[in-house]
Amino acid sequence: MLVPTLLELGTEEQKQRWIAPTLRGEVIWCQGYSEPGAGSDLASLKTSAVIDGDDYVINGQKIWTSTAKDAHMIFCLVRTEPEAKKHQGISYLIFSMDTPGIEVRPLVDMTGTAGFNEVFFTDVRVPRSQIVGKPGEGWMVANATLTHERGMLGNPNQAQERLVAIAELMQEETIDGQRLIDNPIYRDRLVKLQARVYAMQANGLRVTTSRLKRESPGLAGLIVKLQGCELNHQLAALAIDALGELGALYGKSPYLRDGGSWQFRYMFDLGLIIGGGTGQTQKNTIGEPGLGLPREPKPAAV
Amino acid sequence: MEFALSEDQVALQESVRAFLEGSAPLDKVRLAADGDAAVRDEIADGLAELGVPLTLIPEAHGGLGLSLLDAALVQEMLARYVAPAPFTAPAAMAVVGLATAGSAEQQAAWLQRIAAGDARFAVAVSERTGARENAAVHARDGELSGKAMFVLDAGGATHVLAAAGDGRLHVVAAGAPGVAIQSLPTIDRTRDVAEVVFDGAAAEALGEGDAAVVDRVVRVGRVLLAADTLGAAQRMLDDSVAYAKERKQFNRVIGSFQAVKHMCAEMAAEIEPARALVWHAAHAMESDPAEGPLLADLAKAHLAEVGTFVARTATEVHGGMGFTDLLGLHYWFKRIGLNRQLLGSPERVREDAARLQGWVGQHGA
Chain A
1 MLVPTLLELG TEEQKQRWIA PTLRGEVIWC QGYSEPGAGS DLASLKTSAV
51 IDGDDYVING QKIWTSTAKD AHMIFCLVRT EPEAKKHQGI SYLIFSMDTP
101 GIEVRPLVDM TGTAGFNEVF FTDVRVPRSQ IVGKPGEGWM VANATLTHER
151 GMLGNPNQAQ ERLVAIAELM QEETIDGQRL IDNPIYRDRL VKLQARVYAM
201 QANGLRVTTS RLKRESPGLA GLIVKLQGCE LNHQLAALAI DALGELGALY
251 GKSPYLRDGG SWQFRYMFDL GLIIGGGTGQ TQKNTIGEPG LGLPREPKPA
301 AV
Chain B
1 MEFALSEDQV ALQESVRAFL EGSAPLDKVR LAADGDAAVR DEIADGLAEL
51 GVPLTLIPEA HGGLGLSLLD AALVQEMLAR YVAPAPFTAP AAMAVVGLAT
101 AGSAEQQAAW LQRIAAGDAR FAVAVSERTG ARENAAVHAR DGELSGKAMF
151 VLDAGGATHV LAAAGDGRLH VVAAGAPGVA IQSLPTIDRT RDVAEVVFDG
201 AAAEALGEGD AAVVDRVVRV GRVLLAADTL GAAQRMLDDS VAYAKERKQF
251 NRVIGSFQAV KHMCAEMAAE IEPARALVWH AAHAMESDPA EGPLLADLAK
301 AHLAEVGTFV ARTATEVHGG MGFTDLLGLH YWFKRIGLNR QLLGSPERVR
351 EDAARLQGWV GQHGA
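Same order as they appear, the protein sequences are chains A and B.
In terms of the working numbering, the first sequence has 259 at position 259, counting the first letter as 1, and numbering is strictly consecutive.
In terms of the working numbering, the second sequence has 1 at position 1, counting the first letter as 1, and numbering is strictly consecutive.
Keep in mind that a hint or two might mislead.
Stated by the list, open to error - Heads up, simulated BS3-like pairs for lysine-lysine below, C-alpha to C-alpha not over 25 angstroms straight-line:
1) 298(A) - 85(A)
2) 134(A) - 86(A)
3) 248(B) - 298(A)
4) 192(A) - 334(B)
5) 15(A) - 134(A)
6) 245(B) - 298(A)
7) 46(A) - 15(A)
8) 86(A) - 252(A)
9) 213(A) - 46(A)
No lab work stands behind these hints, which were simulated from the structure alone.
Given the structure is predicted, the values throughout are model-derived calculations rather than measurements.
Let the sequences and hints guide you as you build the complete structure.
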């Protein structure tokens with residue numbers, strides 16, 4: 001997500017320094033966008049960066065930061081102009097996670113693991129040269145990143161892998177001596193989801209073709225995150241349902257099927273449905289820029 | 001690999017669209033639906049001038065020699081205008097059946113007559129996807145007997161291409177002795193569905209008999225019905241979005257309410273991947289013998305579900321007006337509704353798809 005953003009908006013020096021090592025996997029990045037008070041309304045973020053000499057001094061908190069424990073670097077949205085309108089006072093900074101004043105706390109989620117973190121900043125000093133884009137233009141830079149994220153979440157290849165795994169599972173597992181696939185209701189659910197997987201794969205090929213031709217994929221691109229994450233979730237749900245009581249086993253239980261991964265995925269998928277723009281904000285994106293429907297009128301200021 | 005329409009395909013769709021936009025407005029569709037044969041003929045003649053019935057006929061027999069994807073694009077456009085024009089059976093299923101099962105002489109004879117406009121086929125294969133009311137057609141000594149139901153595009157057809165119990169396709173003249181055609185009115189009055197009773201009707205059997213031919217004809221029909229639903233669903237979404245931008249309640253256009261906006265977004269989110277699936281299925285039916293039939297079944301069943309969802313959601317977006325005859329939205333609702341039932345409703349088609357993959361009862365209880 002960061003690499004295309006740097007290619008589009010980074011300085012020559014930033015491109016030289018970060019793109020190659022990132023693509024080689026030598027530099028791991030995390031994304032500092034969401035805050036406790038700034039989720040779907042991301043532009044209301046409060047983490048502040050105040051100029052002091054050649055540095056920005058950062059104070060505040062980020063949340064839902066995946067890989068923050070392992071990341072070498074962070075790309076981070078901060079408020080540099082508190083007096084400006086909310087979308088205009090934001091800047092996009094990149095800095096090392098080893099910078100003094102950064103504290104990472106793992107955030108245990110419903111799966112029982114910590115896939116995300118909270119990141120706290122106390123007087124973190126970052127050179128002013130480490131801004132991407134101009135001061136106050138961070139919202140525009142962030143939107144470039146989010147477009148790439150929408151394309152990555154909901155990847156249809158993962159749905160295809162799940163489909164194959166479930167089809168195998170349903171041909172191997174038996175209940176009362178009957179293969180799961182011989183139950184016409186589970187079988188119908190499987191084929192119903194198979195059609196969706198094939199449709200999303202074909203849609204993905206169409207989107208890729210558009211991008212290669214440097215054309216906008218339009219609606220076909222905008223719907224990927226919403227539909228793809230939901231499809232993955234429904235695939236996991238079918239595996240769990242077909243397994244019956246075995247589908248509830250988790251952790252270190254004996255008789256686990258596929259390592260208990262279907263329950264893990266079923267829950268983790270909810271994080272993906274909510275993260276990177278909730279299903280409802282995705283529908284706003286499909287409805288407004290996609291279909292040209294008007295925005296919700298702004299209520300009178302409270 | 002490129003996954004997109006070619007310039008020629010975009011132009012083909014645009015030529016059909018432009019003709020229908022000018023010559024088949026809803027008031028004419030209403031007349032045709034009420035039985036005005038002159039209006040039906042006028043639209044059919046205009047489409048014939050564009051070469052629409054020639055789409056799949058090989059060039060050697062006077063046709064355009066285009067692909068099944070091209071035919072699907074035409075079908076999509078016909079549905080966008082709920083055109084009262086037979087295409088699925090005469091221009092696609094019959095042409096594929098004749099071209100696949102017929103001997104060289106039969107292909108030349110029949111395809112050239114179709115290309116010249118001297119023959120138009122209805123297709124009777126519905127018993128293959130589920131026989132009801134004791135329907136069955138038997139072939140013996142060059143004659144057909146028995147009953148075929150849900151015969152597609154029967155109105156105005158000169159011939160019937162019928163699948164019989166011998167696994168072969170047979171050509172019967174619609175006006176021949178021993179052929180009785182009775183219309184079966186459905187919710188969708190833009191297309192004709194009929195029952196055909198044969199009583200010792202003279203029949204010409206195609207080729208030597210290959211059971212896979214009838215399955216192929218059915219699957220070609222399924223792809224085109226899926227394409228028809230795609231076109232109807234896209235139109236219902238377009239109309240919903242236009243209506244939501246114009247209709248005001250509480251001093252706001254209703255499209256600014258998330259409850260309405262999200263209904264539109266959900267329709268778009270269902271339609272876009274469905275479009276890619278229809279393209280893929282139409283292409284695979286000609287390029288990928290292993291996957292083509294499976295994709296045809298998945299496309300038919302999936303579009304039935306997407307179409308049903310869009311038809312009811314679009315009607316709701318239009319509020320009370322969606323329920324009236326005044327707006328005519330129900331023509332698209334009904335087109336989608338008939339497509340869902342024809343050549344196998346979704347559960348039945350998914351069972352076919354499961355069978356193709358060896359998922360039905362091989363080692364089962």
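Indices of hints not satisfied (ascending): 7, 8, 9
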